[in-house]
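Chain by chain, the residues run as shown.
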Amino acid sequence: MISANLSAFFYLISGILFILALRGLSSPETSRQGNYFGIAGMIISIIVTFLSVGNFGPGFIYVLIFLTLGGSIGAFIAFRIPMTAMPELVAGFHSLVGLAAVFVAISAFLKPEAFGLGIVGNIKLASLIEMSLGAAIGAVTFSGSIIAFLKLRGIMSGAPITFKGQHIINLFLGLTIIFLIYYLCTIQSSNIFWSIVIISFILGILLIIPIGGADMPVVISMLNSYSGWAAAGIGFTLENTALIITGALVGSSGAILSYIMCKGMNRSFFNVILGGWGATDKVSQANNNEQKPVKSGNADDAAFLMKNASSVIIVPGYGMAVAQAQHALREMVDALKKNGVKVSYAIHPVAGRMPGHMNVLLAEANVPYDEVFELEEINNDFANCDVAYVIGANDVTNPVAKSDPQSPIYGMPVLDVEKSKSVLFVKRSLSPGYAGIDNDLFYRDNTLMLFADAKKMTEEIVKSL
Amino acid sequence: MEIDPFIFRLSIFILSIFVGYYVVWSVTPSLHTPLMSVTNAISSVIIVGAIIAALAGAKQNIFETSNIFGFLAIILAAVNIFGGFLVTQRMLQMYKKKKK
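Residue numbers (our numbering), protein chains in the order written: chain S, 1 to 465; chain B, 1 to 100.
Hints are supplied without guarantee of correctness; some may be wrong.
To be verified - Lysine-lysine pairs mimicking BS3-like chemistry, simulated, CA-CA at most 30 Å apart: (1) S/Lys342 with B/Lys96; (2) S/Lys164 with S/Lys342; (3) B/Lys96 with S/Lys402; (4) B/Lys96 with S/Lys292; (5) S/Lys307 with S/Lys337; (6) S/Lys124 with S/Lys307; (7) S/Lys342 with S/Lys292; (8) S/Lys337 with B/Lys97; (9) S/Lys295 with S/Lys164; (10) S/Lys463 with B/Lys96; (11) B/Lys98 with S/Lys295; (12) S/Lys292 with S/Lys456; (13) S/Lys263 with B/Lys96; (14) S/Lys292 with B/Lys97; (15) S/Lys337 with S/Lys263; (16) B/Lys98 with S/Lys402; (17) S/Lys263 with S/Lys338; (18) S/Lys124 with B/Lys96; (19) S/Lys307 with S/Lys295; (20) S/Lys263 with B/Lys97.
Unchecked claim - If you want the footprint, here are the derived chain S segments under chain B, 3+ residues with CB under 8 Å: (21) 31–45; (22) 154–162; (23) 215–228; (24) 294–304; (25) 370–377; (26) 448–457.
No lab work stands behind these hints: they were computed from the structure.
Just so it is clear, the structure is predicted and the values come from calculations on it, not from any experiment.
A virtual CB, placed ideally from N, CA and C, is assigned to each residue, including glycine.
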């Protein structure tokens with residue numbers, strides 16, 4: 001048994017270690033050390049909690065058993081998961097944090113005296129508000145993340161599900177939750193508490209179904225943020241500094257990532273969240289460009305062009321992840337480097353299904369991170385580059401975003417791929433990308449379309465190099 | 001007049017949001033995926049609440065409803081803690097500099 005003051009001090013240390021864990025991510029060199037800080041913070045928190053509860057009876061054994069059980073499952077998943085599945089893994093993990101927050105809130109509601117929050121039927125007002133907010137946000141995080149997980153995993157279609165009056169229903173549900181929390185504070189009935197949890201589950205589902213697959217980077221970041229706010233809500237209930245600090249860190253981290261992702265698409269947060277992008281414009285735009293001439297080539301043409309280039313920029317996108325083409329790509333780059341070609345990679349902020357998705361895949365394929373550049377760093381280099389190799393990206397290269405104010409993607413920052421001397425565009429067909437619009441790049445004189453699966457095409461190029 | 005301890009916690013909360021804001025902006029974009037997995041791991045410090053819930057008043061009957069919710073939350077949070085930190089570690093191991 002240790003005093004409340006001493007344990008509060010240790011929780012503060014945990015909080016600081018968590019801050020250092022995030023701080024470490026400012027560069028790949030310090031990041032691994034940062035992760036150890038995070039682990040240390042977690043161990044301190046758990047040990048201090050055991051000591052401050054001071055109950056080492058049979059319950060303690062069960063806690064250890066369940067801790068080991070969960071830990072083994074987590075470790076198993078962490079080692080087995082392929083890097084391409086990282087977006088759905090993160091979504092799945094968010095759902096667990098959300099559900100854990102709900103369970104802790106339920107437990108605190110059922111047995112407030114264990115947490116020092118009053119007694120059943122007479123819980124402290126502030127605690128009641130905090131725990132019901134924690135439960136509501138946790139529940140939204142849980143069910144929303146499950147939907148995101150299903151969409152990313154492909155179990156559920158990535159297409160937006162929209163229906164009339166959707167946003168009004170969501171608004172209504174949101175207001176109902178707030179009203180019920182108010183009502184709960186006055187009569188403290190457990191039925192109301194359960195209703196809050198259930199309505200929040202439903203709200204979470206309804207919030208995420210209208211959002212399409214390629215908007216998932218925003219959704220994952222947003223759910224990341226929610227899981228933080230849920231943790232903070234529980235932190236206030238438990239009067240625990242480590243949880244409050246962590247909740248605030250995670251909450252703001254997710255919010256910033258959502259902001260970066262929205263900016264990468266030049267869309268407002270609400271535009272993304274209210275969903276349904278691309279669903280309306282598809283019909284009007286699709287038929288315009290049917291007759292334009294397209295130059296297409298094969299792997300030998302591509303190999304010839306790149307071998308004789310002095311610099312090549314690779315533009316990967318979600319299609320590379322789908323085709324698992326990152327390793328083949330790396331082989332191609334190695335072959336090019338042997339021929340004295342300078343190769344770099346250009347990553348758009350919203351390439352892939354989550355922030356930093358492409359970077360992880362390239363790192364997995366042993367691409368050194370100092371060859372990989374962000375949009376602002378590399379965009380001027382396209383003008384001086386001989387070949388741009390676009391693999392699995394589409395909308396983020398569309399020059400229409402710069403020229404046509406009518407286009408739904410107008411104003412979105414795009415990679416200036418068309419400025420390079422020639423563009424190799426690996427794609428299975430001329431179908432439009434997620435935004436539902438045709439890519440002007442396909443019809444440019446300096447574009448050579450390579451119609452094939454990203455991985456197969458890249459492998460063939462390696463052979464002919 | 002005494003200040004309600006809630007105000008102190010609120011102060012910690014708000015200051016932490018600011019710390020988070022500046023720290024996260026300094027994270028390099030190439031590490032945004034590990035950032036998400038590590039924030040996910042640290043938010044599982046909610047296990048603190050789960051442990052308290054699981055051990056609450058557990059002298060006579062350790063499987064009251066509130067305890068069971070605590071135990072369930074421990075499993076969920078533990079999956080996240082181990083999964084989150086290990087997968088972050090696995091990712092960070094892959095980031096290498098160019099060989100000179």
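Q) Which of the listed hints are broken here? A) Hints 2, 3, 4, 6, 7, 9, 11, 14, 15, 16, 17, 18, 22, 24 and 26 not satisfied by this model.
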